[in-house]
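Chains as they are written, first to last, in this note's numbering: chain G, 2 to 181; chain H, 2 to 181.
The set of hints was computed from the structure by calculation and includes no laboratory data.
Here the structure is a predicted model, which means the values were calculated and not measured.
The reader is advised that the hints may include incorrect statements.
Straight-line Cα separation of at most 20 Å, SDA-like style, residue types lysine to any residue; simulated pairs [as the list claims (entries may be wrong)]: (1) G:179 <-> H:58; (2) G:154 <-> H:178; (3) H:146 <-> G:163; (4) H:164 <-> G:178; (5) H:13 <-> G:165; (6) G:179 <-> H:89; (7) H:164 <-> G:177; (8) H:179 <-> G:83; (9) G:164 <-> H:16; (10) G:164 <-> H:151; (11) G:179 <-> H:166; (12) G:179 <-> H:107; (13) H:172 <-> G:169; (14) H:179 <-> G:165; (15) H:179 <-> G:59; (16) H:164 <-> G:83; (17) G:98 <-> H:178; (18) H:179 <-> G:12; (19) H:67 <-> G:133; (20) H:154 <-> G:169; (21) G:164 <-> H:9; (22) H:179 <-> G:61.
Protein chains: 2
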Amino acid sequence: MKHARRALPLSKVYGLLEPGPVVLLTTAHKGRPNVMTMSWHTMMEFEPPLVGCVVSDRNRTFHALKSARECVIAIPTAELAPAVVRCGNTSDAGIDKFEAFGLTPAAARKVSAPLIEECYANLECRVVDQRLVTRYCFFVVEVIKAWIDPAVKDPRTIHHRGKGRFMVAGKTIRLPSKMK
Amino acid sequence: MKHARRALPLSKVYGLLEPGPVVLLTTAHKGRPNVMTMSWHTMMEFEPPLVGCVVSDRNRTFHALKSARECVIAIPTAELAPAVVRCGNTSDAGIDKFEAFGLTPAAARKVSAPLIEECYANLECRVVDQRLVTRYCFFVVEVIKAWIDPAVKDPRTIHHRGKGRFMVAGKTIRLPSKMK
């Protein structure tokens, strides 16, 4: 299913990534788009939203991030889980992973990396800090444009528990919180 | 409820934090234990397990981490959600948050910060990299001892979606994955 896409205020981005969903990370390097699966990320600042993420230097995405310094973080929900896992299982060589796994790239507004139409949220990002790249493959990126499908209220995000076990987001509870 | 506590191999730690649960972070500074609520963390290496976490410099924990360089990451489940939120809502001054919120500190094996008996998993950590502390309040810690209640198979972890909305872990699915 392709999702509607409405701009999301940058101040609301943290609520998408804080719960720890498995995400897809797209890049474009020398005109060729690519996509990988990622679970190691954290919010680092509310606004402008900063996200830290670990991208192994065994992935082609690592080199694309280092040189193009742009990416899109696309957030899938449970119906995409098979595609997400196959994407994570596939090495970078040769195949067009978008076509192979039924993911539709769409032009982003501010970066060359593509959005993914089947994801309910897409975050256009640029790399802002590479100081921990050499030691930990850890990139700090800034979200510069955010898109969401406003129809999705309680997204059934997927969360990796290791070795192919994924927790699917359950019910939402509200508790009186002063937290942002 | 207090949990049983068995040592967990360090190679399995990533599966606890990858899904993005809200955690409690304990420290001990000048003999005084403290605890805060944290959602901004990511795995950075499988083994030894490295975890990156953002601790605001408005928290007393920030200064304890900087000087004592030790902490415990304790992972709560849904029945602790009210205590977790109250802990997150409470500033550091004065009160004993353990007593106030019904959390029982227990001696850790390798660090001075306490474990929390009501949490199903506890990770003893030491700070190993502070290069991004000044800019982002981002600490890299190494898990040096891990504890888990082996009876808890599919923990009902809680995941913050912003402004007091928490997603409670739903069902677990398995998909054929080569991912660790």
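Sort out whether residue 178 of chain G lies within 20 Å of residue 164 of chain H, counting only the CA atoms.
Since the Cα atoms of residue 164 of chain H and residue 178 of chain G sit roughly 6 Å apart, the hinted pair holds (cutoff 20 Å).
Taking 20 Å as the top limit, are the C-alpha atoms of residue 67 of chain H and residue 133 of chain G close enough?
The given pair, whose Cα atoms are some 19 Å apart, holds under the 20 Å limit.
Please verify whether residue 164 of chain G and residue 16 of chain H have alpha carbons no more than 20 Å apart.
holds, 8 Å
Holds or violated: are the alpha carbons of residue 179 of chain G and residue 89 of chain H at most 20 Å from each other?
holds, 8 Å
Straight-line Cα separation of residue 164 of chain H and residue 83 of chain G no greater than 20 Å?
Status violated; Cα separation ~31 Å.
Pair hint outcome, residue 179 of chain H versus residue 12 of chain G [Cα-Cα no greater than 20 Å]:
Judged against 20 Å, a Cα distance of about 36 Å means the pair is violated.
Does the structure keep residue 154 of chain G and residue 178 of chain H at a Cα separation of 20 Å or less?
Outside the cut-off at roughly 29 Å; violated.
Starting from residue 98 of chain G, check that the Cα of residue 178 of chain H is at most 20 Å away, please.
holds, 16 Å
Given the hinted pair residue 179 of chain H and residue 165 of chain G, is their Cα-Cα distance within 20 Å?
It holds: about 7 Å lies between the C-alpha atoms, which stays within 20 Å.
Is the Cα-Cα distance between residue 13 of chain H and residue 165 of chain G 20 Å or less?
holds, 13 Å
Against the 20 Å threshold, does the CA-CA distance of residue 179 of chain G and residue 107 of chain H hold or violate the hint?
violated, 28 Å
Assess, step by step, whether the Cα of residue 164 of chain G is no farther than 20 Å from the Cα of residue 9 of chain H, and give holds or violated.
Between residue 164 of chain G and residue 9 of chain H the Cα gap is close to 16 Å, so the pair holds against 20 Å.
Hints 2, 12, 16 and 18, counting from the list given before, are not met by this structure.
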